[in-house]
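Engineer: Since chain S is already given, all that's left is putting chain B on it; use the hints.
Residue numbers (our numbering), protein chains in the order written: chain S, 2 to 312; chain B, 339 to 655.
If you are wondering where the hints come from, they were derived from the structure by calculation, not from laboratory data. Each residue gets a CB set at the ideal place from its N, CA and C atoms; glycine is no exception. Mixed in with the good hints, there may be bad ones.
[Stated by the list, open to error] Where chain S lies over chain B, by a calculated footprint (3+ residues, C-beta under 8 Å):
id, segment
1, 489-498
2, 611-618
[Unchecked claim] Here are the computed distance ranges between Cβ atoms for each label pair:
id, chain 1, residue 1, chain 2, residue 2, range
3, S, D209, B, G424, 51 to 61 Å
4, S, P75, B, L647, 51 to 61 Å
5, B, R650, S, E197, 23 to 33 Å
6, B, H349, S, L81, 47 to 57 Å
7, B, F468, S, Y121, 40 to 50 Å
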Amino acid sequence: MSGSIRASARPSDAPSHRLARRLWRQPRARVGAALLAVLALGALSADLAEALFGSGPQSLDLLARLEPPSAAHPLGTDELGRDVLVMLLHAGRTSLLVGVGGALLAAGLGTLVGLVAGWYGGRLDALLMRLTDTVLALPLLPLLIVLAAVDLARLGLEGAGPLASALRIVMIVALFGWPTTARLVRTATVALERREFVLAARALGAGDGRILRRHILPHLAGPLTVATTLAVGQVVLAESVLSFLGLGIQPPLASWGTMLTRAQELVFEAPLQALWPGLAIFATVLGANLFGDALEEALDPRRHHEGHPVR
Amino acid sequence: MTRHLLRRLVHGLLVLLVVAFASYALIGLMPGDPIDLMVRADPRLTSADAARLKALYGLDRPLWERFGRWLVQVLSGDLGHSRLYGRPVVEVLGPRLLATFALMGPSLLLALLLALPAGIRAALRPGGRFDLIVNLLAFTAFSLPSFWLAILLVILFSVELGWLPPGGLPPAGGGLLAYLRHLLLPLVTLTLATFGIFLRFVRAAVREVLQEPFVAAARAKGLSTAALVWRHVLPVALPPVITVVALHFGALLSGAVVVETVFAWPGMGRLLYDAILGNDYNLALAALLLGTALTLVANLLADLLHVRLDPRIREAL
Chain S
2 MSGSIRASAR PSDAPSHRLA RRLWRQPRAR VGAALLAVLA LGALSADLAE ALFGSGPQSL
62 DLLARLEPPS AAHPLGTDEL GRDVLVMLLH AGRTSLLVGV GGALLAAGLG TLVGLVAGWY
122 GGRLDALLMR LTDTVLALPL LPLLIVLAAV DLARLGLEGA GPLASALRIV MIVALFGWPT
182 TARLVRTATV ALERREFVLA ARALGAGDGR ILRRHILPHL AGPLTVATTL AVGQVVLAES
242 VLSFLGLGIQ PPLASWGTML TRAQELVFEA PLQALWPGLA IFATVLGANL FGDALEEALD
302 PRRHHEGHPV R
Chain B
339 MTRHLLRRLV HGLLVLLVVA FASYALIGLM PGDPIDLMVR ADPRLTSADA ARLKALYGLD
399 RPLWERFGRW LVQVLSGDLG HSRLYGRPVV EVLGPRLLAT FALMGPSLLL ALLLALPAGI
459 RAALRPGGRF DLIVNLLAFT AFSLPSFWLA ILLVILFSVE LGWLPPGGLP PAGGGLLAYL
519 RHLLLPLVTL TLATFGIFLR FVRAAVREVL QEPFVAAARA KGLSTAALVW RHVLPVALPP
579 VITVVALHFG ALLSGAVVVE TVFAWPGMGR LLYDAILGND YNLALAALLL GTALTLVANL
639 LADLLHVRLD PRIREAL
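Only chain S is shown next, with the shape it has when bound in the complex:
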């Protein structure tokens, strides 16, 4: 009996399915997802490509410098004779990892600040939101540059390996990436804490921690996903700028930004070198922006009823 009822209910009416359909209807979502998928797959297959083309970040071939695209090297070779495609995929691994890591860290920080501000309200809220707005308005890049130039050894932190440089960029970028999420989470928290189910939970004697964890956070999943997706683009952009300026990812690690630094020196000799890394950054940021925007709209169907055109 109950089985037949379950069978007759259309599975596509589940809220998550409706959301997916609303999302997929938008060309922005499809294009964005496709771009991000291609880039992620590329980064994952970096080792495969290395084996395939027999050229890795360490294999120099000075007799084959700056070769034009060919069957052996689909995107040509760089100034040290390394395969540009393989380099691009390897760099993409760094850039995307830093992007996702930085975005997650920023989202975590922002969620914490937004939850505390929205839930406790009052003076703490005013103070935290002032802080948020201030960080949002500050000239970010100059401060990032100063932070990136800090000598870790002077803080008593030795072991500045290549991984440390990537980790540090993740942290620096997250330090400035949290305000957007914090604002979003605060607004949502303030709206949620007046809802009946929260009042009911409180009436039943649930503590702050439990209500926040069990009743508020799950409702924030949507907006948080949007914020994190958009943040991936911003973080990749920030990392590439810092790396391009020589203050981000340090060799032997490479990112798209560091590839562009070298390419800039070769604009007269081999202008094509500048094309691919920049295109990869552009595709990542565009993909994240498109997908994030489409997701935001799918999560908020009210935005669909945009009224009639004005003639």
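Structural biologist: Just chain B now, kept in the frame of chain S:
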């Protein structure tokens, strides 16, 4: 009103103080402090000499004390000497600030002049062809890494076509035309991202106002679209746009750092970058603080303008 202004002013100064302290502390953590560099350059200097030198310059004192002394000095109008340029910091900053304004001012204006009509037109027919094209353009514009765009423009217009100089300033006495030719590529690069962001914001603000009942009422009276937009929509939609433009000042300054660095445009951004890489503490600090102060002033001005333009807020104060 006065109280509101006063409160914002105090807040601004407080932020400036915090940024100043943070920058001061961080810049002290950059590799290569002047005494260390001296010791490394001259093997005859013993560690005792180094300690004596540090004491002489007060570098052995705790951080807050050094910061306090520096702050008093700055407040009395002395920003110190630049190590890189061998001149007082104030003298170095002046012309650089002008060069940055020559880049940022026209860029901001251009972005607004392009974004306003395009955003309004897109908002009038949401989902229309113009809206789609404009949206696509906006997404592209603010997803483009500005330094990549800069390199591409240099490759196209300087290397391949040879129409425009790849960067820098014209030699002295080159005239206005030469100056503008050098300004063009940096200006286009800096404007594009800003344009994309403004465009989306104008569109959203106008759309929101268009859904208000008073717009429907005005249209029901038979008002033309132009009159509707000018008389009823823009007065409501513009104040938030102005706030966003002003809040964008900091981002524009960040963009200027990148663009000036790639194009070797001798502005504040390039100066800051050179100062940090060249261990020029006084110069880096002054440039950082000036940038922050300018951003805060821009925000304050936006706040005041917003109050003037929006009667609802004026009443509330």
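Engineer: For every hint, state whether the structure bears it out.
Structural biologist: Checked hints:
1. 489-498: Held - the segment 489-498 of chain B has 6 residues with a Cβ nearer than 8 Å to chain S, which meets the minimum of three.
2. 611-618: holds (count 3)
3. D209/S / G424/B: 51 to 61 Å: Check passed, 59 Å falls within 51 to 61 Å.
4. P75/S / L647/B: 51 to 61 Å: Between P75/S and L647/B, where Cβ atoms are some 56 Å apart, the hint holds.
5. R650/B / E197/S: 23 to 33 Å: 31 Å, holds
6. H349/B / L81/S: 47 to 57 Å: Given range 47 to 57 Å: holds, Cβ gap about 52 Å.
7. F468/B / Y121/S: 40 to 50 Å: With a Cβ separation near 46 Å, F468/B and Y121/S satisfy 40 to 50 Å, so the hint holds.
Of the numbered hints given earlier, the model fails none.
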